[in-house]
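Asker: Same order as they appear, the protein sequences are chains A and B.
Numbers 1 to 724, taken from full-length UniProt numbering, label the letters of the first sequence in order.
Numbers 1 to 724, taken from full-length UniProt numbering, label the letters of the second sequence in order.
FYI, nobody ran anything at the bench for these hints, they're computed from the structure.
Errors might be hidden in some of the hints.
Pairs involving identical chains hold if they fit within one copy or between any two copies, as the list cannot separate such chains.
[As the list claims (entries may be wrong)] Here are the simulated DMTMM-like pairs of lysine to aspartate or glutamate, each with C-alpha atoms no more than 25 Å apart in a straight line:
#, residue 1, residue 2
1, Lys546, Glu70
2, Lys213, Asp172
3, Lys270, Asp113
4, Lys34, Asp72
5, Lys682, Asp218
6, Lys664, Asp337
7, Lys213, Glu680
8, Lys357, Asp337
9, Lys434, Glu182
10, Lys200, Asp282
11, Lys234, Asp218
12, Lys540, Glu289
13, Lys297, Asp255
14, Lys434, Glu263
15, Lys640, Asp172
16, Lys165, Glu361
17, Lys257, Glu237
18, Lys34, Glu544
19, Lys682, Asp553
20, Lys280, Asp218
21, Lys540, Glu240
22, Lys540, Glu237
23, Lys270, Glu301
Number of protein chains: 2
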Amino acid sequence: MDFSSFLTSLGTSFVIFVILMLLFSWLSGKPGNKVIYYPNRILRGMDPWEGESRTRNPIAWIREALSSTERDVIVMSGVDSAVYFVFLSTVLGIFVLSGIVLLPVLLPVAATDKTGKETNETSKGSFSDLDKLSMGHVKVGSSRLWAFMIATYWVSFVAYYLLWKAYHHVSDLRAAALTSPEVRGEQFAIIVRDIPPPTKDQTRKEQVDTYFKTIYPDTFYRSMVVTDNHEVNKIWEDLEGYKKKLVRAEAIYADSKKTGKPEGIKPTHKTGFLGIFGSKVDSIEFYNEKINELIPKLEAEQKVTLREKQQSSALVFFTSRVTAATAAQSLHAQMVDTWTTMAAPEPRQMIWPNLPKNFYERMIRQYVVYAIVALTIFFYMIPIAFVSAFTTLENLRKFLPFLKSIVDLDALKTVLEAYLPQLALIIFLMFLPKLLLFLSKAEGIPSESHIARAASGKYFYFTVFNVFIGVTLGGTLFDSFKKIQKNPGSAVELLATSLPANATFFLTFVALKFFVGYGLELSRIVPLIIYHLKRKYLCKTEAEVKAAWAPGDLGFTTRVPGDLLVVTIVLCYSVIAPIIIPFGALYFALGWLILRNQVLKVFVPSYESYGRMWPHINTRVVAALLLFQVTMCGFFIIKKFYYAPFLIPLPILSLIFAFVCQKKFYHFFQATALEVACQELKETPNMEQIFRSFIPPSFSTDKAADEDQFEDAVSVVSRSQSFV
Amino acid sequence: MDFSSFLTSLGTSFVIFVILMLLFSWLSGKPGNKVIYYPNRILRGMDPWEGESRTRNPIAWIREALSSTERDVIVMSGVDSAVYFVFLSTVLGIFVLSGIVLLPVLLPVAATDKTGKETNETSKGSFSDLDKLSMGHVKVGSSRLWAFMIATYWVSFVAYYLLWKAYHHVSDLRAAALTSPEVRGEQFAIIVRDIPPPTKDQTRKEQVDTYFKTIYPDTFYRSMVVTDNHEVNKIWEDLEGYKKKLVRAEAIYADSKKTGKPEGIKPTHKTGFLGIFGSKVDSIEFYNEKINELIPKLEAEQKVTLREKQQSSALVFFTSRVTAATAAQSLHAQMVDTWTTMAAPEPRQMIWPNLPKNFYERMIRQYVVYAIVALTIFFYMIPIAFVSAFTTLENLRKFLPFLKSIVDLDALKTVLEAYLPQLALIIFLMFLPKLLLFLSKAEGIPSESHIARAASGKYFYFTVFNVFIGVTLGGTLFDSFKKIQKNPGSAVELLATSLPANATFFLTFVALKFFVGYGLELSRIVPLIIYHLKRKYLCKTEAEVKAAWAPGDLGFTTRVPGDLLVVTIVLCYSVIAPIIIPFGALYFALGWLILRNQVLKVFVPSYESYGRMWPHINTRVVAALLLFQVTMCGFFIIKKFYYAPFLIPLPILSLIFAFVCQKKFYHFFQATALEVACQELKETPNMEQIFRSFIPPSFSTDKAADEDQFEDAVSVVSRSQSFV
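Just chain A, with the same shape it has in the complex (with noise of 0.2 Å):
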């Protein structure tokens, strides 16, 4: 790629991101479009323009982000999203002071040096203007190499101060959201797996109630042992099905009543295949019996549930906060494989058929999925290499001739040569974030939150090991192979010698992130096109309007290995060629702006894990500032600096540092604090209430009169027993 081919990237992206603002300005303005773009406010019952002047200021929102704090996104979207922004602030200070110090001196010791065009190591093909910029263009040997290597240093102190002051605020984010006097049920809760069977004379409730209230005999409030709900949940979503059917087809019925016949046209369907084949029927009456035929079975299937399909595992209440940590913390059976115990998770993360898995199917599980977690990055690298070595210009006309001629128009060939890496390797990517969270689930992790960090590690990894590494030995991956095989130490210089010749790939890649991603996110302008079309055509009920138009949350699986992949290729190019930083502090500033906006109008998160995403997040920047330090010891050694053992340090540093946050945080992160555990709550907490909360929504009924009966069904297995 040469320089024009970057500033045309550069610029279009640009172009696009102007023009997808604006669609935004006009667009958010639009009362009709509000539900797109304001709903969390919508769903917590706020006025959508809250705080903002009903005149289309086009920039209110960047006024209204900036002045947001920390308290309002905690509100409005709960801790973890505050860490979220934690996150993107530390990076973006990380960027902004490196660049402050490296910038104004980097970029002069390096145009300045005098070398001839032999030392053209930055860019693939011609010679360009960047490659002056870059550590590339000083000589080898040279003792300007110092300033780089003073910077290397700069970088890494910064990232650790910063990252340090971060995991402080976030550690007391966490605790002042755990020590809230407001009762949050799953405070009050754990979850006890690997319940050893029970005796003769036992039901699985006794046998828990009785362990429990011998261990906290005062404290210990019920239980609620887990059950298979596997027909229950089949049956009630068949059920929940048919309701939706039913609202649906009587919605029509009514609207028919009012465009067409007064007496209006009964909607009717096909009961076989698809709706294409068998008998038709009349709509509403088919549903009607079906939900009547549904209630008395679902009813009965609840019952034999309740009463023969416990399993091994169980949730415990406690009256008191403190005591719910401990037991969630200390060890209770002389066998440590049996009755283990963990917090629990806020009950809309739960995942139920997780949690009677065995200690040992767990453990099994686990490697089993690494093991094929790193087959696969292992994999992957393969085809992306070809993907990334085929799309290059020259080989589209080589290999499909067809497209000679489109390809040689100059604008577009421009175009298409600074986008279309970039495009293929982001396509690619996105495949990989459903297989990791099912990969993550069949571990057998218990909350959603959990297998969303779970899914995440492994995303970071799949991006660094297949994006950054693969990419830039991409081209000449299988020769490199060769090389690693016979010289493992080789790898190292390999990856430094490769880096800069990728600079300006990764710049672009960067900028297309921020520009385009960001924009799109920012005008959401696919939900906004999914929504009115399927508002138009498709949507017959209140519920489905709403259901069209959901936000979601903001997805951490995916969007924190991104930005995590940018942290990575920034900072290992933060000294070889400097100019990636300020794209880099852009991308994360850019993100903070437009991601408040998004957290404070759009998104709904889906759970709450008290921040414990952070621990994961630090110990991945961590391990960029690793990569970025190792790499750099090959940089120097390629350089014929004769001062790079100075570098050493570095990484031995960034393992102490990653080891003492580890200490010094991580456990708090892992569980409740007693200090903070044991702070006065507002209220006296409804223990009924709390665990009304923790029943499965297959099991909880609307009627009020239904209330008793469920009741009744809990507690129907030791009466049962008793009249049998």
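Assemble the complex: chain A is given as a structure, and chain B must be docked to it using the hints.
Answerer: Same frame as chain A, now just chain B:
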């Protein structure tokens, strides 16, 4: 070593053993020796000869040892001793079950293989009869090797089965001891370390009290802030020394009245260096003066210490066992490196100076100690190798020609040849334990039993690396290093080649250890002689006599690694030279018998850790098993047996076994399970008494009146503050 010198060695060992046994029968019957042979019973106020017929039946002790139950051992010597016997009987079981199958199968298989003298691998020097019975005698690539492979599997599975059963049993023993309805002080206390600096308007004691009262409002009893007792201890030791000397001087004076003049001779001594220089003084007066001088000094220093030398650590007492158990396991502070808690050890085990050591200081100390130990392990090998190369008779004759005439005596030559290297080795190993205990203490561990465990673990690695591997590769040490340097993979192969050559050395080593070692153990010749000498010439007072026969404890620090070394040796040779198995079995059978006697009658345990030694023993036996399996792999490769890869599952199985043991049992040995702690107590615990039992001896005074004074001193902190 040839066959005759092996037999000589065995014979002399046996003769020594018989002599020592006869000595024991004779000496233990004499009433004057009962404090040497029955101190544990005497200290417990029991009749020394209880249960034994007064007729000096020389094998009465054997009958008694065999008929004693595990319950007896726990009552007389605690759970730790009982766990040690589980270890002895488990290993004995492994050897007996292995021997029953291996001896009748492998010996004929090896002996009847027709090989020439060319495969003379087993013993250095000339061919001997022993070699015929070993795997070395089987032809290269012979299908008879299948028998040896199956034997390897048999030994491994026997070991897994018995170790698993033993771990279960030990876990039950620990649970039974911890559920005991008797009140044990340490179950109500926790150690708190890394307490952050108190605020200005708070004393340390107030800070600790407030903190724990908030978290445990119902069960918090009281706290004891750790103080820097260095000065107090020094004064107290001086005081105690003078008190002892005073009693002695008075005894001498009283004695002189009886024997000499009726008015007696007042004992005198010189006050200068070693009592040789300086002015002569009346001892009784002098000591009385000193004591009267020190008592107020001690009291003043105690007050100052309690008020001003408070450290960042404390003991916290709870009125409930469950709370103490959960408090020891739970995270208390948001910053993990503050307010760290752990279960308190018994008062007699406390290492006070290690308590206030900082979180990171402890960590750094630990790594430094590990590094030192690793270096010592490596560099100890070199002198050991020299010793074992030097102490062959040929070398002695060559380097120390003046010994030639002695060495050439035929009888002496055989004995020397048999014993010299083993003796050198045993003496060499005597210097280690002190160093290792010192190093382990320097890690910052706060309890004696934990230090013993840590030192014992290090000692095990020492013995295995230096004795087993060192001796095996000994003669060819430097050649070996060169080979391994060239090809690291050859280490296993090299070990496998060298093993058979040392079979007889280790046979003799094991035989020497049990015949002479256990003979000395049982007969207690050395303590007996020392006691009688001391009583005759040195002891003047009751206390001094009592100190002279103080029996000490079992000494797990050296005893367990010593036994584990035998386990390693016997396991590694079990298939190569099965003739070693009976010797191993005999070692553990004799050990069980003789130590049963010693534990019931002689040794007094100096601490109780409720079997926390076991996980370490288990891990190390599995490590020995792993070494055995890996060496066997190497040995089969040397034998050019094409089915050698069939052994690969075994080491993997061992790792899985160790992992599962760890997961299933280990945590309960680190912490108290709540189901165990929640058992009811026989009586309401006397918290005041529990609290007092933890007061260090230099603070506790035996005068009843002084107790109030101490109470004052503890709470003087806050009072003095309010007065000032």
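Asker: Against this structure, judge whether each hint is valid.
Answerer: Tested hints:
no. : hint            : verdict
1   : Lys546 x Glu70  : neither (29 Å within a copy, 72 Å between copies)
2   : Lys213 x Asp172 : between (34 Å within a copy, 23 Å between copies)
3   : Lys270 x Asp113 : neither (79 Å within a copy, 85 Å between copies)
4   : Lys34 x Asp72   : within (20 Å within a copy, 82 Å between copies)
5   : Lys682 x Asp218 : both (21 Å within a copy, 20 Å between copies)
6   : Lys664 x Asp337 : between (28 Å within a copy, 5 Å between copies)
7   : Lys213 x Glu680 : both (24 Å within a copy, 13 Å between copies)
8   : Lys357 x Asp337 : within (12 Å within a copy, 34 Å between copies)
9   : Lys434 x Glu182 : neither (35 Å within a copy, 57 Å between copies)
10  : Lys200 x Asp282 : neither (52 Å within a copy, 81 Å between copies)
11  : Lys234 x Asp218 : neither (39 Å within a copy, 47 Å between copies)
12  : Lys540 x Glu289 : within (21 Å within a copy, 105 Å between copies)
13  : Lys297 x Asp255 : neither (32 Å within a copy, 101 Å between copies)
14  : Lys434 x Glu263 : neither (48 Å within a copy, 102 Å between copies)
15  : Lys640 x Asp172 : neither (46 Å within a copy, 65 Å between copies)
16  : Lys165 x Glu361 : between (39 Å within a copy, 22 Å between copies)
17  : Lys257 x Glu237 : neither (30 Å within a copy, 104 Å between copies)
18  : Lys34 x Glu544  : within (17 Å within a copy, 94 Å between copies)
19  : Lys682 x Asp553 : neither (29 Å within a copy, 57 Å between copies)
20  : Lys280 x Asp218 : neither (62 Å within a copy, 71 Å between copies)
21  : Lys540 x Glu240 : within (17 Å within a copy, 95 Å between copies)
22  : Lys540 x Glu237 : within (20 Å within a copy, 92 Å between copies)
23  : Lys270 x Glu301 : neither (28 Å within a copy, 97 Å between copies)
When each numbered hint is compared with the structure, violations occur for hints 1, 3, 9, 10, 11, 13, 14, 15, 17, 19, 20 and 23.
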